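Peer 1: Model the full assembly from the supplied sequences, consistent with the hints where possible.
Protein chains in written order, with my numbering: chain A, 1 to 361; chain B, 1001 to 1449.
In case anyone wonders, no lab produced these hints; they're calculated from the structure. Only a predicted model underlies this, so the values are computations on that prediction, with no experimental measurement involved. Just so it is clear, CB atoms sit at the ideal spot from N, CA and C, and this is done for glycine as well. Honestly, I wouldn't trust all of these hints.
[To be verified] Below, computed lysine-lysine pairings styled on DSBU-like, alpha-carbon distance capped at 30 Å:
| hint | chain 1 | residue 1 | chain 2 | residue 2 |
| --- | --- | --- | --- | --- |
| 1 | A | LYS95 | A | LYS214 |
| 2 | A | LYS214 | B | LYS1029 |
| 3 | B | LYS1145 | B | LYS1029 |
| 4 | A | LYS162 | B | LYS1042 |
[Stated by the list, open to error] Between beta-carbon pairs, the in silico distance windows are:
| hint | chain 1 | residue 1 | chain 2 | residue 2 | range |
| --- | --- | --- | --- | --- | --- |
| 5 | A | GLU163 | B | VAL1396 | 19 to 29 Å |
| 6 | B | GLU1400 | A | GLN147 | 25 to 35 Å |
| 7 | A | PHE28 | B | ALA1281 | 41 to 51 Å |
| 8 | A | ASP215 | B | GLU1020 | 50 to 60 Å |
[Claimed, not checked] Facing chain B, a subset of chain A residues (Cβ under 10 Å, in silico):
| hint | residue |
| --- | --- |
| 9 | HIS226 |
| 10 | ALA232 |
| 11 | LEU268 |
| 12 | SER270 |
| 13 | SER273 |
Now for the letters of each chain:
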Amino acid sequence: MSDSAYAPEGRAEEEPLLSVDNLQTAFFTDKETIRAVDGVSFDIRAGESVGIVGESGSGKSVTARSIMGLIDSPGRVVGGSIQYKGQELVGNSEKEWQRMRGGEIAMVFQDPLSSLNPVYTVGNQIKESLRLHQGMRGREATEKAIQLLEDVGIPDAPRRIKEYPHQFSGGMRQRAVIAVALACDPDLLICDEPTTALDVTIQAQILDLLHELKDEHDLGIMFITHDMGVIAEVSDRVNVMYAGEVVESAPVEELFNNPKHPYTQGLLESIPSRNERGSALTTIEGEVPTPNEPATYCRFAPRCPKAFDDCEQVHPVPVEVDDETDDHEAACLLYPDDVGQTEAVELHQSREDATEQEVTE
Amino acid sequence: MTSLYQERREDEAMGAQSGERLVEVDGLKTYYGEEGGLLGGKPVKAVDGVTFDVHRGETLGLVGESGCGKSTLGRTLMQLETATAGSVEYDGTDITTLSGKKLKEWRQNVQMVFQDPDSSLNTRMTVGELVMEPLNVHSWKTPQKRRERVRELLDVVGLSEEHYYRYPFQFSGGQKQRIGIARALALEPDFLVLDEPVSALDVSVQAKILNLLDDLQDEFGLTYLLIAHDLSVVEHICDRVAVMYLGNIMEIGPVDAIFDEPANPYTNSLLSAIPEPKPNAEKSRITLRGTPPSPRDPPSGCVFSTRCPYKIRPDAYENLDDDVWEGIEVFREVLRERGDVTKSVRDRLRGLLGMETTGMDVEEVVADTFDQLDVPSDVQQYIDEAVEHVERDDLVSAQEVLHEEFGSVCENEEPEQLAVGDTGRVSRCHRHREEYMGTQTYQDVHDFS
Ligand SMILES: Nc1ncnc2c1ncn2[C@@H]1O[C@H](COP(=O)(O)OP(=O)(O)OP(=O)(O)O)[C@@H](O)[C@H]1O
Ligand code: SF4
Ligand code: SF4
Ligand SMILES: [Mg+2]
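Peer 2: Structural data, given as structure tokens:
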């Protein structure tokens, strides 16, 4: 462990595909400003699958939509940067976004019907994407479309390309959406709860497929879900979101074996399979707050079993959990683990002062 | 804690241990659209002959893929659907024959809690009104007493006095589900059908609702039928589990037996698909092919036979290469789909008008299916024969050729419900019969994951 502490291997050396830094996206409603994404940072590398997990309303989808340039009024990206292959995306024109969405970054949503056009056959939709992004037409495009459907595991592809989305089952539709996404030959695939509406048996098929694609196409994958089982299965690395912020970030095994943030710990403990059969389930008291004011404190404090006085006064920022462990950050005043409590709080305070920003319309 | 339910509950809470039957379901079938309609389609066999009991005071889980008939079964037990055949005895009375006043009276005993709290609550009513509604419908006691009862109910489900005059939109998903539960408890029912009560909720909220349901059961001696697609929830809170596939109960038994040692191939496949919240968990997964067939036209023999990885092979092919066997199964599936009699009328018309011949591209499908496989010539000959039939647009003969050669008892005989072990578990699978290799042995021999 000792020398690797100075030479973090692999991950850090490679240039990230996507680099999100201190992203802030807010919705300005009559009543209040909702800081749906409030200072989120993470990277995704080629061939890497990064999971984002958190409860409803924690800002997962808004993060994804920000990266796709899909935030509409009354929402806006108000700060931070999103770099794709070193190029800044924040501030893109709609035209530039469209180019990104087509060829570089593709997205798969929870409801596959919303991303398929009901009046065109599945084949036509794949071929349209091939024409736009790879300039393929005619026989060549048809063959490629059949091959893509086969790639995503749809049997009898020659017949299936002539069918309409409503003739497909839920799981097959989601495969078709993935085939359309692959037709633009993206390098980054953003999946927002792509299996939530599916049965476990079909979910298993889709997860297997994403695994294969990641390896074969060296895709970077951002995978959003609220299901801890799914996150354990698909991701190499996990970011836990709470009320607009990433509260913990670590490689998947580390996160599940050594959760550090009290919220992550609570989340894992409330999973039924981590509780003894028939016993009462462990719960986290209270509910997720809406982030409608600047975080000048820990947003988890009202529910945190480990909260102490400073938690109401100081905003925790992501810090390494201790000196020994690489690549594992938590935004909690208890960390770093290996310095005194006062010193830790001071560290958070000084880093926070350096980054503080006002969100205005 | 409260006097919400009268004392008569106390002795009933003991029922769970004694295994006393509250509901006895026998040969129950619920078909939709049986009248045939204009186009004479086949009925949807949503529930197709199930026999089981619900014990007093227990939580019986009902699991299975979407469309397998879970909710229809739950709704038929509530008499919200009319049974096509069979009987449901509730405390000794066959409720499928009740009507009018008798039915309304009986209804007080049973309630349902739905998945989506949003669509099951009238948004224009306050929480107080919502919870009071069932009391009004059944003219329960006096208006004064009803108000008192609503307050008690809110308290019991963990809501407070101050919520009485609020509207559902002011509540979170978990709170709305509490309102749904309070409504369901209003008339002191004995039996609750919980249809996906927590699937719309986040894990941490889900845990609270599950704990609440558990407390209520202990306190009031309730009996639950819990319908859920989340198997880890079922594993955690149920006493027994029934696993459904295409209108049939494939396996039913105590939760420990089912989850620790699933006996039925379908149960095994379903459980192995659950993603475990343990990264890199060493777990062999069976990924099932495709989706369940249409309940309008269920497969012959065992309903699971079109997807079953443990399907019994004819003796001659017991040692055939697993990939080739799989290829044959896939090819047969493709033919079945192409000949699918449940296709919309429009599709069938198109076919009849020759707008799209089913025989097209079959060579390509075969090439793709058996790609790079070393297909023995005795197998190849049947595939070729089937292809010829398809090219003449005779899908039926093609399917028959393959069925004749590669079909087995699994496709020809419906498996009976057989006892497995001594825990009261029963399962429908030919592999439980003496003359066939057991599932575990088959799995070891064929080493699949
Ligand atoms: N168009 C909008 N107008 C106003 N507020 C919005 C809008 N879209 C999202 N929000 C708010 O932003 C916050 C984050 O929402 P987001 O959809 O990202 O959550 P999520 O983590 O994806 O949740 P879920 O698990 O339910 O999908 C929430 O408070 C939400 O109400
Ligand atoms: S900062 Fe304080 S309140 Fe927040 S998670 Fe850490 S201990 Fe809990
Ligand atoms: S009877 Fe045959 S097809 Fe059905 S579950 Fe058993 S082995 Fe599988
Ligand atoms: Mg979302």
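Peer 1: Next step is simple, just say for each hint if it's right about the structure.
Peer 2: Hint-by-hint comparison with the structure:
1. A/LYS95 / A/LYS214: holds, 28 Å
2. A/LYS214 / B/LYS1029: violated, 45 Å
3. B/LYS1145 / B/LYS1029: Answer violated: B/LYS1145 to B/LYS1029 is near 41 Å, above 30 Å.
4. A/LYS162 / B/LYS1042: Cα-Cα ~26 Å, so holds.
5. A/GLU163 / B/VAL1396: 19 to 29 Å: Holds: the Cβ-Cβ distance is about 22 Å, inside 19 to 29 Å.
6. B/GLU1400 / A/GLN147: 25 to 35 Å: holds, 32 Å
7. A/PHE28 / B/ALA1281: 41 to 51 Å: Taking Cβ atoms as reference, A/PHE28 and B/ALA1281 lie about 44 Å apart, which means the hint holds.
8. A/ASP215 / B/GLU1020: 50 to 60 Å: holds, 55 Å
9. HIS226: This hint holds: A/HIS226 lies near chain B, its Cβ roughly 6 Å from the closest one there, short of 10 Å.
10. ALA232: For A/ALA232, the interface hint holds, since the closest Cβ of chain B sits about 5 Å away, which is under 10 Å.
11. LEU268: holds, 7 Å
12. SER270: holds, 4 Å
13. SER273: holds, 4 Å
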